[in-house]
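Q: Each chain, written out:
Protein chains: 2
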Amino acid sequence: MILNNSNIDVSHIEAEELQNKIGNIVKIHGSIYKIRLMSGFAFVILRTKRAFVQCIYSKEYTNIDIDKIIENSSVIITGYVAEEIRSKLGYELRINDIEILSIPIDAPPVVINNNVIPASLETILDFRPITIRNEHERAIFKLQEGLCRGIREFLFSNLFTEIHSPKIVYAGAEGGANIFKLDYFGKEAYLAQSPQFYKQMLVGAYERVFEIAPVYRAEKHDTSRHLNEYISVDFEMGFIENFADIISMETNMLKFVIEFLKEKYVNEIKILKIELPNIAEIPCITFCDAKELVRNTYNRKTKDLHDFEPEEERLLCDIIKKEYGSDFVFVTHYPSSKRPFYAMDDNENPEVTLSFDLLFRGIEITTGGQRIHDYEKQVEKMKRRGMNIELFESYLMMHKYGMPPHGGLGLGLERFTMCLLNETNVRYASMFPRDMKRLTP
Amino acid sequence: MILNNSNIDVSHIEAEELQNKIGNIVKIHGSIYKIRLMSGFAFVILRTKRAFVQCIYSKEYTNIDIDKIIENSSVIITGYVAEEIRSKLGYELRINDIEILSIPIDAPPVVINNNVIPASLETILDFRPITIRNEHERAIFKLQEGLCRGIREFLFSNLFTEIHSPKIVYAGAEGGANIFKLDYFGKEAYLAQSPQFYKQMLVGAYERVFEIAPVYRAEKHDTSRHLNEYISVDFEMGFIENFADIISMETNMLKFVIEFLKEKYVNEIKILKIELPNIAEIPCITFCDAKELVRNTYNRKTKDLHDFEPEEERLLCDIIKKEYGSDFVFVTHYPSSKRPFYAMDDNENPEVTLSFDLLFRGIEITTGGQRIHDYEKQVEKMKRRGMNIELFESYLMMHKYGMPPHGGLGLGLERFTMCLLNETNVRYASMFPRDMKRLTP
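Just so you know, the sequences run in chain order A and B. Under the numbering used here, think of the first position of the first sequence as 296, with each following residue one higher. Under the numbering used here, think of the first position of the second sequence as 296, with each following residue one higher.
No lab work stands behind these hints, which were simulated from the structure alone. Don't take each hint at face value.
Because identical chains share one entry, a pair is satisfied inside a single copy or across any pair of copies.
Stated by the list, open to error - Simulated pairs of lysine-lysine, DSS-like, Cα-Cα distance not exceeding 25 Å: (1) LYS515 / LYS598; (2) LYS565 / LYS515; (3) LYS617 / LYS559; (4) LYS476 / LYS515; (5) LYS482 / LYS732; (6) LYS363 / LYS672; (7) LYS476 / LYS732; (8) LYS322 / LYS383; (9) LYS598 / LYS329; (10) LYS678 / LYS550; (11) LYS383 / LYS329; (12) LYS568 / LYS329; (13) LYS515 / LYS616; (14) LYS596 / LYS363; (15) LYS557 / LYS329; (16) LYS732 / LYS557; (17) LYS586 / LYS568.
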């Protein structure tokens with residue numbers, strides 16, 4: 296039955312409303328994702344904001360010539376929502392009419408409408424403005440949105456205040472060579488490596504603060520785990536009893552976020568075929584014990600006694616997974632020599648700090664710890680490290696005029712996403728990654 | 296009555312729970328904001344995460360020596376919540392005990408515990424790590440948090456996807472000289488002036504996207520309205536019929552946000568003594584008509600025929616407020632010559648664009664409009680402007696392979712905050728402003 300609906304007032308709806316419109320004629324807009332010609336009819340897949348809608352083209356329902364419909368056109372489809380038990384969704388949209396809003400001038404140079412794009416990571420990234428239109432690619436960053444939303448919801452409910460700290464700064468948080476320099480009206484400025492100084496200062500005002508924003512590392516690491524610009528999820532909290540409070544807050548945050556995804560991002564979890572981790576209590580192990588555990592289990596000599604090699608992190612996670620069934624492990628008490636000047640040393644053993652990393656499926660995704668809040672102790676530690684106190688006048692202002700015991704952490708959003716996806720390259724989890732070789736698109 | 300509560304198990308609570316604890320002994324932590332010595336007793340104001348709690352010190356209730364309690368100490372107070380009809384809140388916290396967690400080494404060089412800090416803006420900003428502890432200063436940025444939360448909530452409910460675009464870029468969105476340059480591993484890179492290119496690309500995948508993130512303008516404007524780094528609230532939406540859809544979305548967003556603040560930020564609205572604007576329909580006026588209206592009303596000659604002078608924006612807002620009672624006005628159809636290359640020209644008059652600014656209490660807070668979605672038209676406009684098409688290959692990819700009609704806007708978070716506060720300098724609405732002279736703290 297071909298309907299002449301030019302005079303019918305049909306409602307223009309979202310894809311998510313379709314299931315409630317069976318038996319009705321509706322309008323729905325989107326881009327033509329894929330046309331699959333069958334014998335006597337065609338499937339026309341429409342990409343909408345979040346869902347993909349399967350429409351049926353047949354001469355039985357419309358006068359349109361299917362050859363005139365081009366993939367990647369922006370259209371408004373008018374159609375009849377018919378009950379169809381053979382369809383996964385229980386209905387299908389029978390096309391009556393297609394209004395074309397815009398058409399592409401060419402077919403994409405990469406196939407973007409398969410389940411997974413049949414191209415290398417390099418190609419996917421080179422053509423990102425269109426490869427992001429792929430169902431799988433698009434779902435990755437929708438899921439990443441879910442991580443940020445879940446994190447925010449959790450932190451707000453725990454009375455954190457959201458802050459915006461400047462990214463153009465006069466000094467780096469960690470110092471060192473891994474910092475981008477900038478000409479700032481004739482002065483030398485830097486891109487912030489982390490909001491560390493600012494979030495500490497703001498603990499002095501709001502007690503609990505967080506920020507989700509870009510940070511910059513000029514590290515010359517051309518690895519599958521490093522980006523030179525990434526999104527850091529930072530929180531910092533005052534009035535802690537010890538650094539276990541921070542570990543506990545992060546554990547609860549992760550639990551909340553996983554449940555949040557399960558509730559609100561079902562669609563993406565399905566598309567991406569993700570197995571979400573179960574989080575109960577996350578095992579904690581000291582850095583020293585972890586080193587020894589890996590050494591003994593794998594009869595493996597470590598070169599670096601003060602830090603983990605990536606391979607050791609992977610092996611440790613394997614052991615923990617086998618022993619405790621956990622995808623996560625907190626490694627605590629990192630050596631002072633490898634931690635920044637603001638890290639609080641352990642009273643019982645000043646060689647180590649009250650700090651931790653969180654490893655997830657073999658990769659470090661968080662670094663955190665308690666900070667020094669006492670002015671004299673902070674100045675003393677800086678002097679021991681040969682630092683010029685005068686350069687840190689505004690940083691030390693908070694210590695001077697009173698700070699509560701506090702600590703916090705930074706979580707790399709792309710690394711977290713990568714590990715959730717079980718991907719092996721962090722670039723899969725960054726829409727427009729920046730690395731030593733890549734500055735475009 | 297002096298209680299010896301060392302053996303009593305009292306609950307450690309948030310300030311917001313106090314009103315439900317009348318008749319109980321509780322523990323509450325925070326920083327000593329102010330001590331006001333009265334005859335025979337003292338008021339001790341405790342700053343907590345969000346609230347200020349008035350505590351009563353009296354020898355009647357405690358053995359502590361008040362002279363040993365120092366402002367800006369971090370403490371845990373144990374006290375009895377007594378009904379007290381003379382107090383504004385209906386109760387008071389009688390101090391039994393104070394556990395001191397940390398003390399400052401000195402008194403602040405600026406008075407930070409008055410209603411308003413008795414110092415210049417410059418001083419407030421120089422000492423920001425501690426001036427942010429002031430009740431009034433702190434409330435400004437808590438309110439700003441509310442703006443972002445409200446905006447996000449509105450945009451999510453309208454099916455926008457939150458994105459993160461890179462801030463280190465290979466080309467500026469608007470081009471021109473007002474762009475910070477960066478040495479990126481031997482290549483020249485820039486700091487993004489806006490997420491314009493990226494949000495448009497992502498409309499191609501998600502239809503509706505938004506981002507709240509820093510942007511960078513190397514403008515040599517040393518005015519009360521300009522910052523060189525600020526937070527831009529950007530959204531972009533596809534499948535629009537015309538640019539009135541964008542105006543309508545922003546109007547609804549503003550209405551939502553104001554209601555959101557009224558509901559969730561009552562405390563800050565009170566502290567800051569803000570009069571929130573009433574938003575019904577926001578008047579729209581074309582750029583030409585607006586120019587003429589100001590010229591005729593004030594018998595004023597304009598120097599710049601293609602743009603507004605700040606004074607004209609102020610005067611226009613005065614007229615609109617008087618005529619329509621609105622604090623906001625949309626000015627539409629700005630001259631093409633003053634709008635970027637991606638702005639869509641008006642078919643009926645190609646001298647003007649389908650674009651708008653939103654003015655609020657005399658200041659432009661938003662620029663938006665419809666963009667060109669057709670590849671040929673976009674290339675043609677770029678060529679007319681003498682632009683090198685090859686440099687924009689990845690930008691033009693989206694047009695080439697199909698884009699829906701779309702448009703969007705950018706809203707300056709600090710300017711919006713400033714106008715809400717009725718402040719005259721945008722630096723009051725930035726925690727750590729960056730301008731030509733200021734790079735610290």
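Q: Does each hint fit the structure? Answer for all of them.
A: Against the structure, the hints:
In this assembly of identical chains, the alpha carbons of LYS515 and LYS598 lie at most 25 Å apart only when taken from the same copy (21 Å versus 52 Å across copies). In the homo-oligomer, the alpha carbons of LYS565 and LYS515 never lie at most 25 Å apart, since the shortest distance is 36 Å inside one protomer and 50 Å across protomers. Taking identical chains as interchangeable, the C-alpha atoms of LYS617 and LYS559 are never at most 25 Å apart, the minima being 30 Å within one chain and 47 Å between chains. Both within a single protomer and between protomers do LYS476 and LYS515 lie at most 25 Å apart by alpha-carbon distance, with minima of 14 Å and 20 Å respectively.
Taking the shortest Cα distances, LYS482 and LYS732 sit within 25 Å of each other only across copies (10 Å), while inside one copy they are farther apart (27 Å). Taking identical chains as interchangeable, the C-alpha atoms of LYS363 and LYS672 lie at most 25 Å apart only when they sit on different chains, with a minimum of 22 Å there against 75 Å within one chain. For the homomeric pair LYS476 and LYS732, the shortest alpha-carbon distances inside one copy (18 Å) and between copies (18 Å) are both at most 25 Å. Taking the shortest alpha-carbon separations for LYS322 and LYS383, only the intra-copy value of 21 Å comes in at or below 25 Å, while the best inter-copy value is 57 Å.
Proximity of LYS598 and LYS329 under a CA criterion of 25 Å is satisfied in neither setting, with 53 Å inside one chain copy and 54 Å between copies. For the identical chains of this complex, LYS678 and LYS550 are neighbours neither inside a copy (40 Å) nor across copies (53 Å), given an alpha-carbon limit of 25 Å. Taking the closest pair of Cα atoms, LYS383 and LYS329 come within 25 Å of each other only inside a single copy of the chain (18 Å); across copies the shortest separation is 66 Å, beyond that limit. Taking CA atoms no more than 25 Å apart as the test, LYS568 paired with LYS329 passes inside one copy only; the shortest distance there is 21 Å, against 56 Å between copies.
Proximity of LYS515 and LYS616 under a CA criterion of 25 Å is satisfied in neither setting, with 32 Å inside one chain copy and 56 Å between copies. For a Cα distance limit of 25 Å, the shortest separation of LYS596 from LYS363 qualifies neither inside one copy, at 66 Å, nor across copies, at 56 Å. Taking identical chains as interchangeable, the C-alpha atoms of LYS557 and LYS329 are never at most 25 Å apart, the minima being 28 Å within one chain and 47 Å between chains. For a Cα distance limit of 25 Å, the shortest separation of LYS732 from LYS557 qualifies neither inside one copy, at 36 Å, nor across copies, at 48 Å.
Taking identical chains as interchangeable, the C-alpha atoms of LYS586 and LYS568 are never at most 25 Å apart, the minima being 34 Å within one chain and 57 Å between chains.
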